[in-house]
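A.B. asks: With these hints in hand, go ahead and build the complete structure from the sequences.
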Amino acid sequence: MIDLLKEVARGKRGARDLNYAEALHAAESILGLTATPAQIGAFLIAERIKMESVEELEAFVAVCRKYARRESQQQGQGLDCAGPYDGRTKSFAATFPTAFLLSAAGLPVTLHGSASLPPKWGVTLLDIIREAGIGAADLTPAASSTAARDSGVMVVDAEQWCPPLGAIRSIREEIGMRTVFNTAEKLVDYSGSPYIVFGIYHNTVFDRLARLLIKLGYQKALIVQGTEGSEDLYIDRPTRVYTIAGGEFHLDIINPEALGLDTQVPEMNWNPRQQLLTAEAVLQGGGHMAFYNQTLLNGAARLKLTGLADSLEEGMYICKDLLDQGAAWKVYLKWKQSLLGCEAAALGHS
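Numbering (UniProt numbering), first residue to last: 1 to 350.
Honestly, the hints are just simulated from the structure, not real lab data.
Hints are supplied without guarantee of correctness; some may be wrong.
With a straight-line Cα cutoff of 30 angstroms, these simulated BS3-like cross-link-like pairs (lysine-lysine) come out [stated by the list, open to error]:
1. LYS120 / LYS12
2. LYS220 / LYS334
3. LYS90 / LYS120
4. LYS320 / LYS336
5. LYS330 / LYS320
6. LYS66 / LYS90
Here the structure is a predicted model, which is why all the values come from computation and not from measurement.
C.D. replies: Okay, here's the thing in structure tokens:
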């Protein structure tokens, strides 16, 4: 590990990218905890300064996947929604209700996250779920898999499914900045999904991430420069996206105004409770129009990506009907009841 550190930490001009084999060794040393905490911290900071190459990212994803539990149970039709593990501080997590909407449309969905991380320290997927009465003990891999079979929605607690990510949490918290793991942890692909929607913060990483997703073998992908670096399209302005298919990628602009969905977003005090209440209102066909429309737009874009809609307009009409007729809400209740039922069953056998 010391020899690898010497290569990536020579300064802005002297540092070089590791080749794939070297990066694999570094990732194994970190996730296997054979490197010391000081070495891990130094390596992550040096990579942050140098900026990770596509080969380095690919290697770190490969080692994360090696240590993770992964289940291919979506019959090759699923969508992975890869949002920021550091959460939200000032925006609605539209991907949460969108997952149940997409499942109602026949598209299995995987969501994943962890307890909040730097640099944002925002409200995370797991924080929102906890407000629904579902804790870590309810969200075991076995329970999550059962709920996915029952509802079509898989929610993964990443540190239960990939324990080494939990083992290095304290180091990441002490560093307090983005590291290679902020990208790699989002690409573990717990359900073997052929499709992915991936959120980024800066447009400077579009090209690098597009080349990485092609190397990882996704059938189709959508990279979104979304709200707070998430995979959620904006509803009050156009969103820059890269669409990836057939080994090629191109820039698109998705403009909600062109679909008649452009809506001013109200100022909100976002906390886990407010996120859950807003999502549940949308899933019942109501709530503030900005968040209802944002869910429609994100659902439509994902149906189009996966071929379940030929256009954003068609996807929007499909999603609106599913929301207004209560189909998405029924999927949400089925998912929630499955997880809580798993807990009750476990208690009954103890």
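A.B. asks: Run the distance test for LYS90 versus LYS120: straight-line Cα separation, threshold 30 angstroms.
C.D. replies: Status holds; Cα separation ~11 angstroms.
A.B. asks: Is the hinted pair LYS66 and LYS90 satisfied, with a Cα-Cα distance of at most 30 angstroms?
C.D. replies: violated (34 angstroms)
A.B. asks: Is the hinted pair LYS330 and LYS320 satisfied, with a Cα-Cα distance of at most 30 angstroms?
C.D. replies: holds (15 angstroms)
A.B. asks: Hinted pair, alpha-carbon criterion (30 angstroms max): LYS120, LYS12. Please report holds or violated.
C.D. replies: With a Cα-Cα distance of about 26 angstroms, the restraint between LYS120 and LYS12 holds, given a limit of 30 angstroms.
A.B. asks: Has the given pair, LYS320 with LYS336, been kept, meaning a C-alpha gap of at most 30 angstroms?
C.D. replies: holds (22 angstroms)
A.B. asks: Hey, LYS220 versus LYS334, does the alpha-carbon distance stay inside 30 angstroms?
C.D. replies: holds (29 angstroms)
Violation of the numbered hints given earlier is confined to hint 6; every other hint is satisfied by the structure.
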